[in-house]
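First to last, the protein sequences are chains V and G. Numbering-wise (my numbering), the first sequence opens with residue 31 and increments by one. Numbering-wise (my numbering), the second sequence opens with residue 31 and increments by one.
Possibly wrong hints are sitting among the right ones.
As the list makes no split between identical chains, a pair holds if one copy fits it or if it spans any two.
[To be verified] Restricting the straight-line Cα-Cα distance to at most 25 Å, the calculated cross-link-like pairs of lysine to any residue (SDA-like) are:
#	residue 1	residue 2
1	Lys-382	Leu-40
2	Lys-392	Met-381
3	Lys-191	Glu-179
4	Lys-291	Gly-366
5	Lys-221	Gly-366
6	Lys-392	Asn-309
7	Lys-291	Asn-374
8	Lys-357	Asp-142
9	Lys-382	Thr-295
10	Lys-291	Thr-315
11	Lys-317	His-296
12	Lys-382	Asn-309
13	Lys-382	Ile-334
14	Lys-291	Leu-313
15	Lys-291	Thr-362
16	Lys-262	Gln-232
17	Lys-391	Asn-309
18	Lys-291	Arg-312
19	Lys-341	Leu-358
20	Lys-382	Asp-336
21	Lys-221	Gly-333
22	Lys-262	Ser-174
Derived by calculation from the structure, the hints in this document are not laboratory data. Keep in mind the model is a prediction, meaning the values are calculated, not measured.
2 protein chains.
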Amino acid sequence: MKELTVKSLLDSASSWLDATGPENDIILSSRIRLARNMAQYPFVSRSTTDDMAEILENVLSASSHCHSLATAGFADMTDMDELDRKILVERHLISPDFGSGTWPRGALIKDDEKLSIMINEEDHLRLQAIVSGLNMGTAWNTLSRVDDELSVRLKYAFSEKYGYLTACPTNAGTGMRVSVLIHLPGLVLTKDIDETLKGVTQIGLSVRGFYGEGTEVLGNLFQISNHTTLGKTEEEIIETISQVITQIIGFERRACETLLKEARTHIEDKIWRAYGILNHVRLLTSKEFMSLSSAVRLGISLGIIDNITMKSLNQLMVLVQPAHLQKLLGATMEAGERDFFRANMVREHLMKTRRKRDTKKKNED
Amino acid sequence: MKELTVKSLLDSASSWLDATGPENDIILSSRIRLARNMAQYPFVSRSTTDDMAEILENVLSASSHCHSLATAGFADMTDMDELDRKILVERHLISPDFGSGTWPRGALIKDDEKLSIMINEEDHLRLQAIVSGLNMGTAWNTLSRVDDELSVRLKYAFSEKYGYLTACPTNAGTGMRVSVLIHLPGLVLTKDIDETLKGVTQIGLSVRGFYGEGTEVLGNLFQISNHTTLGKTEEEIIETISQVITQIIGFERRACETLLKEARTHIEDKIWRAYGILNHVRLLTSKEFMSLSSAVRLGISLGIIDNITMKSLNQLMVLVQPAHLQKLLGATMEAGERDFFRANMVREHLMKTRRKRDTKKKNED
Chain V
31 MKELTVKSLL DSASSWLDAT GPENDIILSS RIRLARNMAQ YPFVSRSTTD DMAEILENVL
91 SASSHCHSLA TAGFADMTDM DELDRKILVE RHLISPDFGS GTWPRGALIK DDEKLSIMIN
151 EEDHLRLQAI VSGLNMGTAW NTLSRVDDEL SVRLKYAFSE KYGYLTACPT NAGTGMRVSV
211 LIHLPGLVLT KDIDETLKGV TQIGLSVRGF YGEGTEVLGN LFQISNHTTL GKTEEEIIET
271 ISQVITQIIG FERRACETLL KEARTHIEDK IWRAYGILNH VRLLTSKEFM SLSSAVRLGI
331 SLGIIDNITM KSLNQLMVLV QPAHLQKLLG ATMEAGERDF FRANMVREHL MKTRRKRDTK
391 KKNED
Chain G
31 MKELTVKSLL DSASSWLDAT GPENDIILSS RIRLARNMAQ YPFVSRSTTD DMAEILENVL
91 SASSHCHSLA TAGFADMTDM DELDRKILVE RHLISPDFGS GTWPRGALIK DDEKLSIMIN
151 EEDHLRLQAI VSGLNMGTAW NTLSRVDDEL SVRLKYAFSE KYGYLTACPT NAGTGMRVSV
211 LIHLPGLVLT KDIDETLKGV TQIGLSVRGF YGEGTEVLGN LFQISNHTTL GKTEEEIIET
271 ISQVITQIIG FERRACETLL KEARTHIEDK IWRAYGILNH VRLLTSKEFM SLSSAVRLGI
331 SLGIIDNITM KSLNQLMVLV QPAHLQKLLG ATMEAGERDF FRANMVREHL MKTRRKRDTK
391 KKNED
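Isolated chain V (complex conformation) (with noise of 0.2 Å):
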């Protein structure tokens, strides 16, 4: 198994943020996760290092026979310092919890960051697929055949009864949690969001912030995932989540509608300053940076901005995160100088997308 390096993958977008998946207006990224354990070893928490370094290189020997990770490499966590680590975890590729420590593990990711594979997480295995848009089909298929081709090799904890056994019982049975990032600033203006979300929760959905669980709601983001593992399978999971991100589409562009209709100049208004800003700022957290790349977003969603692409956009939301930054610039920094670099940055990659473009149409024309 090839050695992932950070450096590679900085060269380009995650490709699940590229906005080509069905809605990407409003999803973000659709994103499934399995919890597996093999029925050998005790879970992580209760095993010891030999153990840990046997699942470990049983789960590289098994991944190494896959199709589904021909192109995968492999990230050491204990080798690997905590920049690289944080800039994995500001992909979504990581968890936050999987960073320090000395303990055998390691991530497999595949080159486009689809597909990846913390082993010794919580669980022995977390498989995550994660596509752009709402296409939490292409997610399941590409999760499930990685699932079968290393249940080949790796003999699963599973019981008739309980399903897969996991570290934590609020994963066992699927062990799936699927989860799509849904962008809602129609709701958020118009004020429907809080009762929206609450309808979410009662049929036993958990709504968290863009960091999942526990993390504040940045840039009007909201990940919205099944609570429930246990007595539906992964189908039937995906079914009523799929159902009902679609009606809070349909809520959201209903919202956005009426904005528009009774208070166009203003949705305008602070779309643009947002855009005013980011152009010319000096100092940027990354708190304002998301909630001011929000109003751009909805103004790309809603046709009113087309001087940046969602896809670049996207891309922008992953460079500014601190790590990204300091790696990006070869540097560490405080809060405050990442701030002026970060502002650097955005309008940097904005004048490059302007331009871009005005090639683009000039060409066109």
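Put chain G on the given structure of chain V with help from the hints.
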């Protein structure tokens, strides 16, 4: 005496805002006005309509013999519609109180707007000279000359003991009010402004807002003027206020130096954000315009922004006022509509200014 049309004024910016005078990055304008009354008539508040008609006739007749007023036009207030009157107020050529009513009155206004005379305002005559930058000498020379010319044909109410007699005793003596319009963003940002203004009032000067007495301070623009008109010569009054203003300019420059030294990026951020918003805004109140343009003004003053000249910014400040906006667009508008058209006007003005600069730069290359 030719008639003044407001339309002719709109073709050019008020020349006292052309940013040519000394210290024009901090001092927008120096203004002096003289209150005069004719001896043979009661004050305006006690005179009959016939008296006022005679006063007006006398002043116009005397004015027609003044070299200083050769290019002046007469604006008859009884004839003028409200919007046009408001335009004169916005250009600081007449006072807001001179507005509505049917009593005989009017204003003589020199074509470059540097010299004007209100007839039958609070006093029979209110002579005003206004020039760019810190330039009270020039203003005084202009005003003194026309005052002398008029006094040949008009018998002023004058007492050996009290000097010029005025409707309100606070104006008696010299009848002179000197005021400068000063931009103090540095002292506002360093929070030294209250202390500074306290000092100013303690030595007998007044501080007021953009449109004079009782008006709000907008965009960090302060009007500083003398309070005492009695017991000092005109030259002494000018000398005192000049000294104080020179000191305040020093304070402001030092405040800016401190800010640049200690928080340059924050200042640049503030300035560029304001510029970015003005370039993209879709709804803009007068008040917010003043606040944002203050930051841009500071940017020009500190050499941080060269996308717009001080003259062009001053011009914009006049054009976006409610009456100007409505006159230029040929429509009566509610505040909300004005905010929309003000935003359009600002964006277009800034775009033109940038193009002009770019063309100039290109030609220089």
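Comparing the hints with the structure gives:
Taking identical chains as interchangeable, the C-alpha atoms of Lys-382 and Leu-40 lie at most 25 Å apart only when both belong to the same chain, with a minimum of 18 Å there against 40 Å between chains. Within a single copy, Lys-392 and Met-381 get their C-alpha atoms as close as 16 Å, and across copies as close as 20 Å, so both meet the 25 Å cut-off. Taking the closest pair of Cα atoms, Lys-191 and Glu-179 come within 25 Å of each other only inside a single copy of the chain (23 Å); across copies the shortest separation is 109 Å, beyond that limit. Only between protomers do Lys-291 and Gly-366 lie at most 25 Å apart by alpha-carbon distance; the minimum there is 16 Å, versus 41 Å within a single protomer.
With identical chains, the CA atoms of Lys-221 and Gly-366 are at most 25 Å apart between copies only, with a shortest distance of 23 Å across copies and 33 Å within one. For the homomeric pair Lys-392 and Asn-309, the shortest alpha-carbon distances inside one copy (22 Å) and between copies (23 Å) are both at most 25 Å. In this homomeric assembly, Lys-291 and Asn-374 come within 25 Å of each other (Cα to Cα) only across copies, at 20 Å, whereas the closest approach inside a single copy is 36 Å. Taking identical chains as interchangeable, the C-alpha atoms of Lys-357 and Asp-142 lie at most 25 Å apart only when both belong to the same chain, with a minimum of 20 Å there against 59 Å between chains.
Taking the closest pair of Cα atoms, Lys-382 and Thr-295 come within 25 Å of each other only across two copies (23 Å); inside a single copy the shortest separation is 28 Å, beyond that limit. Taking identical chains as interchangeable, the C-alpha atoms of Lys-291 and Thr-315 lie at most 25 Å apart only when they sit on different chains, with a minimum of 22 Å there against 33 Å within one chain. Within a single copy, Lys-317 and His-296 get their C-alpha atoms as close as 22 Å, and across copies as close as 17 Å, so both meet the 25 Å cut-off. For the homomeric pair Lys-382 and Asn-309, the shortest alpha-carbon distances inside one copy (11 Å) and between copies (19 Å) are both at most 25 Å.
With identical chains, the CA atoms of Lys-382 and Ile-334 are at most 25 Å apart both within one copy (19 Å) and between copies (23 Å). Proximity of Lys-291 to Leu-313 under the C-alpha cut-off of 25 Å is restricted to the inter-copy arrangement: shortest distance 16 Å between copies versus 34 Å within a copy. For the identical chains of this complex, Lys-291 and Thr-362 are inter-copy neighbours only, at 24 Å across copies versus 47 Å inside a copy, given an alpha-carbon limit of 25 Å. In this assembly of identical chains, Lys-262 and Gln-232 lie within 25 Å of each other by CA distance solely inside one copy; the values are 18 Å within and 80 Å between copies.
When the C-alpha separation of Lys-391 and Asn-309 is checked against a cutoff of 25 Å, the pair qualifies both within a copy, at 20 Å, and between copies, at 22 Å. Taking the shortest Cα distances, Lys-291 and Arg-312 sit within 25 Å of each other only across copies (16 Å), while inside one copy they are farther apart (34 Å). For the homomeric pair Lys-341 and Leu-358, the shortest alpha-carbon distance inside one copy (19 Å) is at most 25 Å, but the shortest distance between copies (42 Å) is not. Taking identical chains as interchangeable, the C-alpha atoms of Lys-382 and Asp-336 lie at most 25 Å apart whether they share a chain (14 Å) or sit on different chains (22 Å).
When the C-alpha separation of Lys-221 and Gly-333 is checked against a cutoff of 25 Å, the pair qualifies only within one copy, where the shortest distance is 22 Å, while the shortest distance between copies is 43 Å. In this homomeric assembly, Lys-262 and Ser-174 come within 25 Å of each other (Cα to Cα) only inside a single copy, at 16 Å, whereas the closest approach across copies is 95 Å.
Checked against the numbered hints listed earlier, the structure breaks none of them; every hint is satisfied.
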